[in-house]
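*Asks:* I would like the entire structure built from these sequences, with the hints used as guidance.
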Amino acid sequence: MSNLPVDEAIDPLTVTGRPDGWNRPPLIEPDGEGELLEVAMGPHHPSTHGVFRMDVALDGERVIRLKPVFGYLHRNHEKIAEGISYLASMPYTDRLDYICPLTNNWAYALAVEKLTGQEVPERAEYLRVILGELTRFQNHASSIGFLIQEMGASGTPLMYAFREREKILDLFEELTGARMMCNYMRFGGCRVDPTAAWLDKTRKVVAGLYGFTEEVDRLLSGNEILMARTQGVGILRPELAVNAGVTGPMLRASGVNYDIRKVDGYSIYNRFSFKVPLGDHWDVYDRYMIRLLEMRESIKILEQALKDIPGGPVMDPKAKIRGFRPKPGEAYGRIEAPKGELGFYLISDGGPNPYRYRVRPPSLINLTVLEDMALGANMADVVLIFGSVDIVLGEVDR
Amino acid sequence: MAVDEGLKIELGKQGVLVTSLQELYNWGRRNSIWPMQFGLACCAIEMIATTMARYDLARFGAEVFRPSPRQADMMIISGTVTKKMAPQVVRLYNQMAEPKYVIAMGACAISGGPFKQGYNVLKGIDRYIPVDVHIPGCPPRPEALLDAFITLQKKIDGQHLTGEGRPRHLDAEAQGEFPVPVQGEHDLEPASNPGVWTVPVVIR
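From first to last, the protein sequence lines stand for chains A and B.
What the first sequence shows, in the working numbering, is residues 150 to 547, in sequence order.
What the second sequence shows, in the working numbering, is residues 132 to 335, in sequence order.
Treat the hints with care, since some could be wrong.
Derived pair list, reagent style DSS-like, types lysine-lysine, alpha-carbon separation capped at 27 Å [what the hints assert, rightly or not]:
1) A:K216 - B:K214
2) A:K228 - B:K144
3) A:K350 - A:K449
I should point out that these hints are in silico values taken from the structure, not numbers from a laboratory.
*Replies:* Structure (structure tokens):
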């Protein structure tokens with residue numbers, strides 16, 4: 150993180166204040182007379198991100214305070230996982246960030262492999278990269294679609310995004326048997342070996358994806374309304390982003406060069422050449438643009454991986470999938486999930502199930518800066534800023 | 132009162148349409164079900180996929196998703212209902228205008244599904260509100276949701292305006308508003324609405 154452009158004159162804490170709750174003095178003084186209008190947005194609201202409530206205090210159209218309220222989808226993921234075996238938690242990870250189940254599988258498999266010291270065969274690593282990047286592509290495509298939907302362009306961009314998503318989901322279904330809840334990765338490899346026909350089909354689909362990014366670019370990037378609504382809105386300063394632990398496209402849109410695929414070099418990402426796009430205006434438009442550019446980089450990785458994928462087994466023959474008892478210890482496996490750093494922290498006490506199972510969800514931690522981005526903005530822009538964070542409530546509340 | 136089928140066809144050839152008020156009423160309602168835009172969890176993504184071009188819910192006259200419960204005819208419980216969310220679901224259901232229908236989409240909405248053992252998950256939304264169609268699956272495929280729509284259309288088609296089988300909104304004595312549960316000391320209170328759900332008896 151040495152290349153972080155730190156401005157010494159700006160102390161991030163004085164710029165935005167600590168997000169420590171409702172009771173702090175408002176950073177933006179209401180200028181009119183009379184009372185503030187308090188609006189509870191949610192948990193049922195027309196934006197497409199699930200059950201989430203924002204308690205907003207408004208002075209006219211301006212947001213004076215914003216308090217996120219979550220927990221409407223708290224499904225006891227961690228507590229359930231502590232009572233069942235390591236393998237039995239794998240299907241539950243699908244349901245964390247339910248738009249991209251395969252990256253969740255991957256992060257969890259990585260954590261357990263670190264805990265037990267298992268090796269992953271070459272072919273399985275390639276498969277994981279292919280599936281992970283396909284997941285990233287469809288997540289970013291849907292995310293852009295949802296963002297534009299929240300701007301009021303009801304339908305078209307989301308329809309285009311879901312058209313591509315369906316192609317990718319068909320590939321997932323053919324390989325894993327499920328459209329959304331794939332439950333595909335295992336400790337020490339992957340569950341089934343893809344056929345040559347599947348790989349050919351994937352190559353065909355990937356060849357068509359570039360056209361989709363072009364289409365989105367032509368349709369949206371220069372769009373007058375999109376630019377007017379998103380440029381200069383919801384600015385997240387890099388200092389605050391780093392302090393708050395924001396990761397993923399949000400952090401890179403704030404101009405911080407931090408991509409775990411490059412920094413950590415997990416799996417085999419150091420074999421592929423790809424760029425990490427960075428934003429320079431730190432606003433909602435940058436977050437849209439970063440997602441678009443990352444989709445293109447994903448295609449590059451996919452092309453390289455599909456060209457080089459070797460033969461061999463997809464499962465380590467010595468791997469113990471079920472019924473194992475790891476030695477007492479702890480492990481943290483993290484990957485660059487489409488939404489940011491997704492990590493699983495496991496503590497083993499030598500038993501068949503984890504003693505402590507903790508998820509580091511990117512959505513929740515990216516959401517902590519929502520108030521700082523929304524203060525002073527117009528009410529209509531709050532939905533856009535919220536949409537640009539790209540959260541999934543299954544992961545926020547777990 | 133049913134019209135003789137042979138006579139109906141014969142009159143139809145002459146350009147005369149004979150129908151009953153009941154058939155006309157059901158035909159209109161059946162083909163313009165407006166769902167509420169209300170997603171809870173994973174199943175909501177499949178619900179969105181169903182409305183998109185590939186599965187095209189518009190073929191069933193049901194593509195108009197309304198953000199407000201006042202304008203909606205049907206609620207798709209698409210996902211896990213937690214104990215924090217259950218009061219809001221019941222409140223939204225109460226705010227919908229009659230006639231109204233409910234589809235419980237997915238294992239979680241039916242019974243709590245994979246999260247049933249969790250301390251914060253409601254074990255089926257049918258404990259509080261009447262559910263018309265249950266679709267199993269985790270999540271159900273878009274085709275399954277379309278099937279639920281067809282099932283619901285058949286159900287609406289079979290409803291009578293008068294008599295014993297008439298729907299709730301035409302029955303002055305039927306329960307109109309459903310009690311909203313509140314978070315008590317340990318659990319939601321009441322634990323279920325006895326008017327719509329009773330503890331199942333296991334016969335061994």
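*Asks:* Need the list of violated hint numbers for this structure, in ascending order.
*Replies:* 2
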